[in-house]
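Turn these sequences into a full structure, and let the hints steer you where they fit.
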Amino acid sequence: MPGPLAGIRIIEMGQLIAIPFSMKMLADMGAQVIRLESTGRLESYRSDSVYKNDISGEFWNKGANFYEQNRNKLGVTLDLSKPEGLAILRELVSVADIFSENFTPRVIKNFGLEYEDLKKIKPDIIMVSSTGYGFYGPWANYGATGPATEGAAGLAYQTGYAGSDSPMMSEIPYTDYTSGEHTVFGVMAALMHRLRTGEGQFVDISQTQATSATIPEILMDYSANKRSGPRMGNQDTVMSPHGCYQTQGEDRWITIAVATDEEWQSLCRVLKQDDWASDSRFADSLSRWQNRDELDELIGPVTSTWLSHDLMHALQNEGVAAGVVMDSKDLLFDPHLVERNFYEVVSHHESTGIPPLPYAGRPWKLSKTPAVDGMAAPLMGEHNTLILGDLLGKTAEEMAALEETGIIGYGPTTPRPVQRPPLEEQVRQGRMQRFETDFEEQVRRTFPA
Amino acid sequence: MSERALEGVKVLDLTHHISGPYCTKLLADFGAEVLKVERPGGDPTRRMAPFLNDDVDSEKSLVFAYLNTNKQSVTLNLQTEKGIQVLKSLIEHTDVVVENFAPRVMASLGLAFASLQKINPSLVLTSISNFGQTGPYRDYKAADIIEYAMGGLMYISGGYDREPLKHAFNQAQFKAGTDGAAATLMAMYHQRLTGEGQHVDISIQEAVATGLRDVVNNFTYTGAVRRRQPNHSGDLSRLRASSDGHLIPNPGIGTGLNWGVMVDFMDLPELGDDKFNSPSARLVNAEELGQILDSYYLKQNKYERFYAAHEKRFIFGVVQSPEEVMADPQFEARSFFVDIDHPALGTLKYPGAPFEMSGTPWDVRTPAPSLGQHNQEIIGQRLGHTPEDLAQMRANEII
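First to last, the sequence lines map onto chains A and B.
This note's numbering numbers the first residue of the first sequence as 1 and each following residue consecutively.
This note's numbering numbers the first residue of the second sequence as 1001 and each following residue consecutively.
Keep in mind that the hints were calculated from the coordinates and are not lab data.
Hints are all accurate, no fakes.
Taking lysine-lysine pairs in the DSSO-like style, the calculated list, with each CA pair at most 30 Å apart, reads:
#1 A:Lys368 - B:Lys1010
#2 A:Lys368 - B:Lys1141
#3 A:Lys226 - B:Lys1299
#4 A:Lys368 - B:Lys1088
#5 A:Lys226 - B:Lys1060
#6 A:Lys329 - B:Lys1141
#7 B:Lys1275 - B:Lys1312
#8 A:Lys109 - B:Lys1312
#9 B:Lys1349 - A:Lys226
#10 B:Lys1312 - A:Lys82
#11 B:Lys1118 - B:Lys1082
#12 B:Lys1010 - B:Lys1082
#13 B:Lys1141 - A:Lys272
#14 B:Lys1118 - A:Lys368
#15 B:Lys1060 - B:Lys1349
#16 A:Lys394 - A:Lys82
Covered stretches of chain B, going by a simulated chain A footprint (3 or more residues, C-beta under 8 Å):
#17 1140-1152
#18 1221-1228
#19 1237-1249
#20 1354-1365
One-sided and incomplete, this derived list gives chain B residues near chain A with beta-carbon spacing under 8 Å:
#21 Val1063
#22 Tyr1066
#23 Gly1135
#24 Tyr1137
#25 Ser1157
#26 Ala1176
#27 Tyr1189
#28 His1190
#29 Asp1201
#30 Ser1321
#31 Met1326
#32 Arg1334
#33 Phe1336
Please read all numbers here as calculations on a predicted model, not as lab measurements.
All C-beta atoms, glycine included, are put in the ideal place defined by N, C-alpha and C.
The following block contains the structure:
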């Protein structure tokens, strides 16, 4: 099925998440995304977290994170350190609508790939750069990771357990996604403008800036009142109870948020705690909030006798907001997400030995122009012939010469697989909660090819 | 100044709280014409803390002021026939309607997408809700913490042996708002090309579950269930306390770790010892290494180390307080914070453009509107209701 972006061609010079994730979203919606990569400098997501932890063979075509971020893209290898490689990139830009990248500005300037350079090749090109701190300014060339920008933006500072003197940050590159979501919006805004005026432009995404735009609660308070509140853990500034409580089983939890007196009475009824319902300390929302620590201490021991899913359904049926703290398996097999077809089964190239697997879809469903049918991320160099040969018109001899001189290739020049410890060891180290040996069967049952 | 990117896009905004208003703020700040329709009591965010000087006044909520720049406000009671009638005449002349009611509400008001399409065939309707417009949890309630839990971010966040922890504030709502704005433009792009409208269904749970990196595929690739990571004191890129806050050293990312260079950088010759100079040795002596690093960083100034590290192209990060964020020289150079003058709040600095576009401006034409500020202009002048009609509607609590 064609998506709304059919006919848009994007050249992606991305790495890891920030740009690859955003371009995947656009690829899902019908854009043709041509992803460039280097055989000399192997993207770490290609070689880490490989299928079944098995690094034999072409491990660079088996990395979980690579497949996660690069669905529906075409893959071309290109050595940009050689003039012939850069020349081909410029040829690609001349037939593209969008050029996207997430290297530091220093690298882009060295390659001569700034917006002003590209505009000469393709006057209406839209260029989007995603950097830690923005394309210009004193920190422009500082490399960054998700944790670094989560810290710089002001988000980490306020996150943490109540009473703790340490901030707490996400264990995934969280701001890559926050900025990635803004990148998709920014590209669409630029496309809307081009549709009306024919003009391209440069979209400069600062991962820090996009994240700071999502925390007005603290930045506006500081701006107006010159203060910042203490870390509150899972507690809320108004609601109580509002937190994460233990349930039956190892490391199992439920979240509950009570906004009104009616919901409070319902909570007491479901948990069978008549004395709480009549306790004057918890009579109204203000008194519950003032006594929230005591309340939290009372709730945990009661919820811990319930299974988290049972309690969620029981509370929701009585109109109380409650949600299971879902681990990866809960999420994958969640009946609601499965019914909404949130996960999409994608088939992998047979050379990889990876069976068809489900991947997370998108947060939107468009009734008339839904996404295209999912295609797995490309093998290294999989579409060299399609793009350089068929699209740019390189002859078979030229293609052979490009391969001969290492401008293009089909595997890393220096293969360095990352062997993760066996799963038993990862569980012992506490990195994984558990593992299940029949996972293939479980996945196949819910997500048939 | 050149035209704004979303010039000419007309949005009728039925949203409240955070996710919907952030969606329409993004559209408005990049040039769309956004008309906010509020219930006669106003968007509940008008009563959300913090307020200027803690003055609990519906025109002084700081988050409301941030979320509603560049919008006009009319009030309409959608529980009345007349209110619905006025709304429908507004829908005739808009490109987009954005709403974030519970999924049953629009249909119960006679405003299901099929009905709206009869009024305006090329309409884009964007609906943002907790769990989407379909499925068994459709009518379940939520708050940000519930979305964190059910979207999968919470289980992997927090201390290894403590309860999972959510990010501060309302991150799930902001994610969904951003996704809503992006998807609305995808539908608008299609509408401008073909004249066809459609319904866009945004689930906040899915907005969270889309951005989890390898949580789910750890299971599909190996059968493993990832959990919150244990805190290894010898972990080189772990958050460390400094004399004046916290910093995040990430030596080795991007550059490949050269231990000798790191030892020189920290000026800690004892780390050159055999106990520490290989990855396996550092693993064996992780606890001792952790203690040395902890006491080292505690004596450092975070910005001094941050700048020194970047001179050497080490990727260091710094945890900034709100005060530090507002004084950040990078934000200063990019003019991120902007002065906005508001009748009840005076002139304050607000977080500005989430990103920059070279050819089309992000700008603030008007501050957040007061409740019903544009009733006269929109319902009176644009829709042609007489002053008597308006007085009547006011008397009947329709506006």
